[in-house]
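Visitor: Since chain P is already given, all that's left is putting chain H on it; use the hints.
Single-letter residue listing:
There are 2 protein chains.
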Amino acid sequence: MITVVGMGPGKEAMMTEEALAALDRADVIIGYTVYLELLGDRFAGKEYLSTPMKQEVERCRMCFEQAAMGKEVAMICSGDAGIYGMASLMFELGEEYDAEHPGASMLTDICVIPGITAASSGAAVLGAPLNHDFCVISLSDLLTPWELIEKRLRAAADGDFAIAIYNPSSRKRHDYLQKACDILMEKADPERACGYVRNIGRDGTESHVCTLAELRDTQVDMFTTVFVGNSQSRIIGDRLVTPRGYKK
Amino acid sequence: MITVVGMGPGKEAMMTEEALAALDRADVIIGYTVYLELLGDRFAGKEYLSTPMKQEVERCRMCFEQAAMGKEVAMICSGDAGIYGMASLMFELGEEYDAEHPGASMLTDICVIPGITAASSGAAVLGAPLNHDFCVISLSDLLTPWELIEKRLRAAADGDFAIAIYNPSSRKRHDYLQKACDILMEKADPERACGYVRNIGRDGTESHVCTLAELRDTQVDMFTTVFVGNSQSRIIGDRLVTPRGYKK
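Residue numbers (my numbering), protein chains in the order written: chain P, 1 to 248; chain H, 1 to 248.
No lab work stands behind these hints: they were computed from the structure. Do not rely on the hints blindly, as some may be mistaken.
A pair counts as met if it fits within one copy or between any two copies, since identical chains are not told apart.
As the list claims (entries may be wrong) - Cross-link-like lysine to any residue pairs, in silico, SDA-like; alpha carbons within 20 angstroms at most: (1) Lys151 - Lys187; (2) Lys179 - Met222; (3) Lys247 - Arg216; (4) Lys151 - Met185; (5) Lys179 - Ala213; (6) Lys151 - Asp189; (7) Lys46 - Cys210; (8) Lys187 - Leu148; (9) Lys248 - Ala44; (10) Lys247 - Leu148; (11) Lys11 - Ala44; (12) Lys187 - Glu150; (13) Lys11 - Lys179; (14) Lys46 - Thr205; (15) Lys172 - Leu142; (16) Lys187 - Asp158.
This structure is a prediction, so every number in the text was calculated from the model and none was measured.
Same shape as in the complex, but just chain P (with noise of 0.2 angstroms):
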């Protein structure tokens, strides 16, 4: 078996007993080092496997040597294992793997085993900006054309969502957050209620309310979720809210 485990935001109150049994029942657990580095002393004896950023694919096909082997494996994911996370990889890859391999069956045998992705555990700490229909997009464009990322954002504001924006910045794209605002003001008012987290589930997480058009100059740094409200959300306190109509 082979367990594709979200890990939530990195602290273990915050992992389902079913990941934390998971990766104790695991002989080896492969991740990025990072996520590696956030498991508790609960899992010190198990053999850790790692590959470095951008090599996804290397780790993925890792899992399937270990599980060759007659390993139990679980690889691990920050978050929600199948949000932006090695789910999909893995079931992409395991296909090829059973191709290449005749009499293996590796499709069947993984497992995913879902965590809290930052959608939930951001909007945990910002007050309830996801309590209507909402879009979670990311404006990494690594993988994804920065066209497509833009065709979302105006659907997202075309649709009135509430919106959870992942990746909003890095290094090398300390403009995209100011840029997927100003997409979001052709159609939504620049006083649109909206907020941000920053290490959700970590040490010295924080959390500000503010108005679309202060998020547009707002550098924020690739530890932040961002969210951005609907039209019909407030901040109430220092909370930002998002009904879902009951008190119509």
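Guide: Here is chain H on its own, set in the frame of chain P:
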């Protein structure tokens, strides 16, 4: 402290440790009867309070009344408390309570603990359908005008988002999924890869993959979450997989 707790799909193994700890700490657990019944023996000694369905406002006010007596209160929601859950209503009513009760500070005492929402848990059962930008849309028009739901479905198709559809059906709304699929097919290929999961995280979990055209002619029930892939999604074995792009 009033903690609004996301309990995930139902079984204890899919709750986070911090959610379980909040329930352990509570003097009184408040929630919709069906969710209280899902809680295991672990909390058998606690006081349980409930209101019938559609009395969400009363249920939230009950939290403030109990907290005002000095009790530690936990309000439980299925899935994630901030995704179609009670979190936003709690903030709205907390603000109201504080305005009506000089000296009260219910609003600042509300804390949200995230849980695994059906988009995550259902996706994990099905494979990796939401492994790129996605929308979450509820087809329930109890609190949302159907015209707005239609607008969001069109926007989701325009943006080529993967989509998780909540509340796809009910006794009174047996043809809503059919209507939703017809709207999506104005833009999306009828061969678009889709799937659905029933009874996520409970006894009798079942998942199916199909095309969008087949989904249109499928009768699902209220315990089902539906997933529509984006234009790049495909069915691999019996899984629905939306590539992230690592394999290119």
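Visitor: Looking back at the hints listed earlier, which ones does the structure fail to meet?
Guide: 3, 7, 9, 13, 14
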